[in-house]
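Enquirer: So you can see what is in the structure, the chains are spelled out below.
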Amino acid sequence: MSFISAADADKNTYDVIVVGSGAAGGQTAYTLTMDGVRVLMLEAGRNYTPATETPMLQTNAEAPLRGSGTPEKPFGFWDATIDGGWQVPGEPYTSASDDPARQFVWWRSRMLGGRTNHWGRISLRNGPYDFKPHTRDGLGFDWPMNYEDLAPYYDKVEMLIGVYGANDGLENTPNSSPGVLLPPPKPRVSDLLIQQRARKLNIPAIAGHRAVLTKPLDHKRLPQLLHPGNAKAQQILAADMQKRAACFFATPCGRGCSVRANYQSTTVHLPPALDTDNLDIVTDAMVRAINKRPDGKAEGVTYIDRKTGAEHRVKARIVVLAASALESVRILLNSDVANGSGKVGKYIMDTVGANFSGQVPLLENLPLHNEDGVDGLHLYTPWWLYKQQLAGKLGFARGYHFEFGGGRLMPGMGTAAGLEWLNGGTYGRKFKEDSRRYYGSFVGFAGRGEMIPNDDCYAELDPKVKDKFGIPVLRFHWKWSQHELGQAAHMQKTAAEIIDAMGGRYSMQPQSGEKAIKQGGIIIHEVGGAIMGDNPAKSVTNSFGQCWDMKNLFITDGATLCSNADKNPTLTIMALAWRASEHMLGLMNRKEL
Amino acid sequence: MSLDRRTTLKWMFAAAATVPSLQALAYASQPQARDVTANQAGYGTDPDLTKEWKPGGPWPLTLGVAARLTTAALCDLIIPADDVSPSASSVGVVDFIDEWISAPYPQQRADREIILPGLTWSEAEAQTRFSKAFAALDQPQKEAIANDICNAAKAAPQFATAAKFFAKFRDLTAGGFYTTPVGMKDIGYVGNVPLAKFDGPPLAVLKRVGLA
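Protein chains in written order, with our numbering: chain A, 1 to 593; chain B, 594 to 805.
Source of the hints: derived by calculation from the structure; they are not laboratory data. Since the structure is predicted, the reported quantities are computational estimates derived from the model, not experimental observations. A virtual CB, placed ideally from N, CA and C, is assigned to each residue, including glycine. It is possible that part of the hints are untrue.
[What the hints assert, rightly or not] Below, computed lysine-lysine pairings styled on BS3-like, alpha-carbon distance capped at 30 Å:
no.	chain 1	residue 1	chain 2	residue 2
1	A	Lys-215	B	Lys-747
2	A	Lys-186	A	Lys-200
3	B	Lys-747	A	Lys-493
[As the list claims (entries may be wrong)] Which stretches of chain A does chain B cover? Using the computed rule of at least three CB atoms under 8 Å from a CB of chain B, they are:
no.	stretch
4	46 to 55
5	70 to 77
6	187 to 198
7	361 to 372
8	409 to 420
9	436 to 449
Model the full structure from these sequences, guided by the hints.
Expert: Right under this line is the structure:
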């Protein structure tokens with residue numbers, strides 16, 4: 001079993017259809033196929049081979065426009081994204097409002113592995129508070145599970161994909177089990193200076209957690225822990241882990257990695273899943289709808305072969321949506337299934353984002369040394385004001401973390417640009433001296449915070465607009481609450497205080513929340529739209545992503561998240577997908593499905 | 594969007610607030626750059642990331658001969674050769690700026706509307722002040738013009754638009770130069786080499802910053 005054509009898939013029978021091949025689809029297919037389940041994966045984009053397609057070590061001068069982002073490659077020319085961005089040609093979406101502040105922008109990519117090929121690899125666990133936010137402050141929704149329910153799956157995912165970090169034991173910032181994490185990279189000098197000065201403000205800075213192999217995975221120990229009693233799975237995984245190289249401390253992770261030193265579905269989940277011979281993948285397969293059996297269960301799906309335009313129908317015992325939160329919502333709405341609660345499309349969330357940067361004289365003209373490291377998040381600041389916030393002293397209800405960094409990174413169009421505020425605008429030999437002096441002396445802070453689900457943020461089908469396949473598209477409604485706006489203002493104000501404490505300076509003063517906050521969808525952490533819960537009247541799925549109204553339909557992507565903690569959601573999505581997949585295995589083994 | 598002669602002249606009069614010389618009018622009446630409206634296609638949403646890309650590859654370059662001379666002179670006024678590295682124009686930055694302002698994307702089209710009139714203004718200013726082409730000015734003459742426009746925040750009102758042009762041109766020149774191998778070496782980038790381990794900052798660095 002392997003990459004097959006739509007015509008070949010028509011002839012086969014499968015236990016499970018998985019729609020999507022990213023973090024959720026990859027994890028779901030991995031867990032199921034390693035346990036002997038026959039899976040058909042449908043991916044809307046083209047096949048993608050990181051080993052031969054990744055630009056490793058290319059410099060920006062080797063790219064058009066020195067690698068700058070364009071509407072066709074929003075994160076830069078070398079970014080791994082294929083046929084993706086906030087706009088995808090022929091696949092529109094619409095906004096209900098003309099006001100930019102009330103518009104949501106939707107990032108998609110159309111490639112095997114989806115967004116995992118280019119993501120930031122930041123892998124933070126939700127903490128105990130994050131599962132019971134409503135209990136804690138009366139806002140939003142509690143999860144129908146506790147941290148302890150998901151903790152074993154966080155361990156499993158971290159061991160499988162390889163996550164570096166440290167167990168610092170801070171409030172609501174869980175430790176991993178012993179032996180799970182890889183060692184974190186040494187901090188850069190800018191990280192250490194931030195840590196030293198932030199400490200004076202009682203702001204912590206600890207080792208980051210990212211899915212990058214700072215050393216090779218332990219192929220002798222980990223497969224046994226991940227697949228106890230399953231010799232075949234252990235053997236396959238041990239062999240595959242040995243094919244993944246450790247990071248060689250060059251090449252930004254957003255390009256993907258040809259030596260498989262970081263996590264992307266295409267280099268970590270799919271190779272061993274394919275090696276089981278239980279996985280077939282059809283690419284260029286755009287799912288239109290879920291088909292219903294007479295008994296109300298899911299029969300399978302209808303999809304369009306992008307290459308031929310032909311429609312295909314496939315059947316299975318279980319259908320899993322892992323198409324990305326909002327694409328899964330769209331499929332549900334277009335299928336008119338699993339929506340007895342009326343909650344499909346409701347409570348969509350992104351991460352609150354606000355950035356701030358400054359220049360630090362102490363970091364000027366430092367002796368030259370290689371600062372590439374693992375690319376991002378050597379250190380970070382987890383949320384630290386839980387007690388003040390709970391006491392109502394902050395004016396907003398949920399926390400954020402800082403992703404920060406600096407250093408002499410690979411020059412691009414921003415290098416030595418816009419120095420007028422520092423040097424009064426120079427040219428000639430003086431400009432060259434200034435460029436050397438200031439390069440590497442900037443620090444940037446990206447605040448990333450929790451958005452609370454609200455009634456004003458939802459997606460529905462646009463009554464008129466269809467995509468190039470004739471499939472109705474989503475129309476978005478969006479509005480931040482005062483919690484998000486207050487948080488965004490706090491992010492910039494606090495970053496400025498840290499820069500002050502470093503003896504630094506900034507060209508712009510911290511802004512109001514309305515001005516500081518990034519537009520909804522810009523951080524690309526969109527979740528919700530088919531939230532989980534313990535009440536079928538108020539949620540779409542149970543804690544296993546199993547739809548209340550269609551028992552053999554599961555959702556394993558971010559659509560089921562009923563809150564969006566400041567922790568980047570991908571690790572949680574994978575942990576949920578692993579847990580949901582084990583639940584599916586149990587139901588199939590017990591012939592309940 | 595192409596910049597027609599009328600727009601060029603209008604911008605020139607408004608910004609420079611000087612009477613342009615006949616030579617400048619002649620310059621402005623010649624095609625400064627080929628029409629860019631034909632450059633519609635970019636590199637697409639799935640470009641080959643393993644092949645070698647060069648200016649003129651994904652879309653045609655458009656700057657005319659005279660405009661390239663002005664561009665080169667401005668590039669080297671901003672980044673001249675010194676003891677550490679060669680000048681910007683000697684390592685392909687003119688081609689890069691031509692690629693940039695000829696590109697089909699919104700940001701680059703907007704920059705084109707700053708750069709082309711700015712080149713025209715520079716030429717007109719050289720003629721007005723010194724009756725010579727900008728590229729033919731000696732260093733003190735070039736600096737006399739540059740000193741009026743190198744700091745956008747403090748430029749005199751009649752130089753405000755030209756100063757915005759110069760800031761944009763300087764950013765493009767710097768980005769074009771410091772991404773090249775000699776530019777990266779000059780500015781002190783020593784990464785992009787595979788390492789067996791990452792050591793972090795040396796002790797000397799930590800001591801300088803007060804961290805050791």
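Enquirer: Are the hints correct? Go through all of them and say.
Expert: Comparing the hints with the structure gives:
no. : hint                  : in the structure
1   : A:Lys-215 - B:Lys-747 : violated, 53 Å
2   : A:Lys-186 - A:Lys-200 : holds, 22 Å
3   : B:Lys-747 - A:Lys-493 : holds, 28 Å
4   : 46 to 55              : holds (count 5)
5   : 70 to 77              : holds (count 5)
6   : 187 to 198            : holds (count 6)
7   : 361 to 372            : holds (count 9)
8   : 409 to 420            : holds (count 11)
9   : 436 to 449            : holds (count 3)
Of the numbered hints stated above, the single one contradicted by the structure is hint 1.
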